[in-house]
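**Q** Residue numbers (my numbering), protein chains in the order written: chain A, 1 to 238; chain B, 1001 to 1290.
Just so you know, not all the hints are guaranteed correct.
So the derived label-pair ranges between C-beta atoms look like this [stated by the list, open to error]:
| id | chain 1 | residue 1 | chain 2 | residue 2 | range |
| --- | --- | --- | --- | --- | --- |
| 1 | B | I1107 | A | E129 | 32 to 42 Å |
| 2 | A | A222 | B | L1284 | 24 to 34 Å |
| 3 | B | R1058 | A | E129 | 32 to 42 Å |
| 4 | A | S223 | B | K1185 | 38 to 48 Å |
| 5 | B | L1284 | A | R54 | 19 to 29 Å |
| 6 | B | N1114 | A | P109 | 47 to 57 Å |
| 7 | A | G86 | B | K1185 | 21 to 31 Å |
Partial list, derived from the structure: chain B residues whose beta carbon lies under 8 Å from chain A [to be verified]:
| id | residue |
| --- | --- |
| 8 | L1077 |
| 9 | A1080 |
| 10 | D1119 |
| 11 | R1121 |
| 12 | R1164 |
| 13 | R1167 |
| 14 | V1170 |
| 15 | M1174 |
| 16 | M1180 |
| 17 | L1181 |
| 18 | M1182 |
Note that these hints are calculated values from the structure, not bench results. Here the structure is a predicted model, which means the values were calculated and not measured. We put the CB at the ideal spot given by N, CA and C, even for glycine.
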Amino acid sequence: MTGLTINGVTAGYGDVTVLQDVSFNVAAPGITAVIGSNGAGKTTLLRALSGLIRPNAGRIALGGAELAGQAPDAFVATGIAHVPEGRRLFAGMTVEDNLMMGAFSRRLPASALREELDAVYALFPRLAERRKQDAVSMSGGEQQMCAIGRGLMAKPKVMLIDELSLGLAPVAVDVLVDALTRLAADGLGLLVVEQDVAVAFDLASQIVVLDRGRVTRTGPSASVAADPAVRAAYLGEA
Amino acid sequence: MSASLLAQVLANGLLLGGLYAAVAAGFSLVWGVLNVVNMLHGSAIVLGSYAAWFASARFGVNPFLSAIVVGPAIGLLGWAVQRFVIQRVITAPVLITLVLTFALDLILNNGMINAFSADYRKVPPVTGAILTFGPIGLPLDRVLAAVAGVVVTLAVHAYLNNSRLGRAIVAVRMDRETSMLMGVKVEHIYAVTFGLGLALAGIAGCLMAVVFPISPLNSSGYLGIAFVACVLGGLGSIVGAIVGGIVLGVVESFGAIFVGPEYSVTVAAVLLIAMLLLRPQGLLGRAGYE
Ligand SMILES: Nc1ncnc2c1ncn2[C@@H]1O[C@H](COP(=O)(O)OP(=O)(O)OP(=O)(O)O)[C@@H](O)[C@H]1O
Ligand SMILES: [Mg+2]
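All chains, full assembly: derive it from the sequences and hints.
**A** As structure tokens, this is what we get:
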């Protein structure tokens, strides 16, 4: 089993340190969820794991390749795709152009590109219907499908998803959870930041709890979900 | 004003506008993607004109043909200027890059004045033919130059929307950080875009040389045209540059009749101010680059 190894990562913005000595593993295949309150540093963590910010210390390795300190294109080329918070689709571009942007780093010939697009359309048939539509004119759920599809076009070994379900209708969340479960079964490693802890426990087999930039708990979903301290903090139970 | 005069003035304006589209497109592209106001653009156009003049005087090659070499050559120069000079301050506020390109413009313009003097030069007519449509007469050279200007600009538009690298340029313009997540090397895209912008300037210079006398003194006027067309059409939009260029050409052409050709710069500037006050998002309604 290969995966993403995060070891002693300290990172932030300028003089502000957000992440303190963060260590955990993301199994591939498998689904790991990160939970934590607002401002805990979840987005900062994913930004460090895709090279958008350089850690001040620590190691980030995927399948033996050391990535900390490298530029984002090295992360993509090694096999990490990042589906950012708020989806960040390219406005004014069609769904298909957005998906093609996802494959930018791979320089695929047209026929191979077509096959990859068809694979995404098979996973999310809704996108096939809307391939020629401006991506940001779709519903939130469809946009999230497009953002995930765009990430898949990079052919990642590990995909990072920030705020999977935020602002989406429950039916849309079900479709996404279903698709991610299938992708993990097919070999993909997933690290999902999820505000809705019920969704996180349901989706992931491993949970990482982030609190003010530190990892305070890691473990299998069932045991983290049963922890009274976690239930008190994140499910509002007394 | 008679109908035939009206038609003639309109036709003149449209032909001018086709050239202006080419003058503005590269400037708009660079502003939109790099957020750099490229003060060097006007002098790069003049450099293209001189190259066309040189090709004509020395080798007898007309500007339509020399543009095929001159455009890429000046584009390559632009790529290098971005890669090795502007890139060093690309994250600085827009004022810094503006001052930098302004200084580069002074160097290039001064160099051209020393090399060619400020005297006007002229490329001999390519066809010299006049097309007549009833009462309207149009020099064929001007028609060809205007059509070439629009065709080249549309070709760049098609490239941006239909190629891997072109889409990456558009993506960087929309959202730099997310394009990095796609594996796009932004500094590479910046250099390519600046090169493309200056290649367009070089081609525009060749086409302008078909119609207008050449002098380093033209550069600020060309920059003004690019500015106004860009604001009219919406920043960073290639189609906007075409629309803005044509509108400016037509307005200038009518302005020359109603208030006199010596006020063409004033007419353009008034149009610019009116646009900024009334419709800052451009005629096409697309928001500019913030
Ligand atoms: N660009 C930035 N510059 C400086 N500080 C930042 C920046 N982005 C985030 N921060 C700070 O870093 C801390 C962690 O923010 P981050 O966005 O990683 O949290 P989060 O867990 O993703 O929160 P949320 O649940 O609201 O998305 C916060 O204190 C935030 O103010
Ligand atoms: Mg966040």
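**Q** All the hints need checking, so say for each whether the structure fits it.
**A** Hint-by-hint comparison with the structure:
At about 55 Å, the CB distance of B/I1107 to A/E129 disagrees with the hint of 32 to 42 Å. Taking 24 to 34 Å as the suggested C-beta distance range, the pair A/A222 and B/L1284 does not conform, at roughly 56 Å. Range check, B/R1058 to A/E129: about 59 Å between beta-carbon atoms, so the 32 to 42 Å window is missed. The beta-carbon spacing between A/S223 and B/K1185, approximately 43 Å, falls within the hinted interval of 38 to 48 Å.
Hint check: B/L1284 to A/R54, Cβ distance near 40 Å, so the stated range 19 to 29 Å is violated. With their beta carbons about 50 Å apart, B/N1114 and A/P109 fall inside the hinted range of 47 to 57 Å. In this structure the hint that A/G86 and B/K1185 lie 21 to 31 Å apart at CB holds, the actual value being about 23 Å. Interface restraint check: B/L1077 against chain A, minimum CB-CB distance 26 Å, threshold 8 Å, status violated.
With 8 Å as the threshold, the beta carbon of B/A1080 stays out of range of chain A, its nearest partner Cβ sitting at about 22 Å, so the hint is violated. Here the hint on B/D1119 is broken, as its CB sits about 46 Å from the closest CB of chain A, past 8 Å. The restraint placing B/R1121 at the interface with chain A is violated, with a minimum CB-CB distance near 43 Å, outside the 8 Å limit. Annotation: interface hint on B/R1164 holds; nearest CB of chain A at approximately 7 Å, less than 8 Å.
The interface hint given for B/R1167 holds, since its Cβ lies 6 Å from the closest Cβ of chain A, which is under the 8 Å cut-off. Checking B/V1170 against chain A: minimum C-beta separation of about 7 Å stays under 8 Å; hint holds. Taken as an interface hint, B/M1174 checks out: its beta carbon lies about 5 Å from the nearest beta carbon of chain A, inside 8 Å. Taking 8 Å as the C-beta cut-off, the interface hint given for B/M1180 holds, the closest approach to chain A being about 4 Å.
Because the closest C-beta pair between B/L1181 and chain A is about 5 Å apart, less than 8 Å, the hint holds. With its C-beta approaching chain A no nearer than about 4 Å, B/M1182 sits inside the 8 Å limit, and its interface hint holds.
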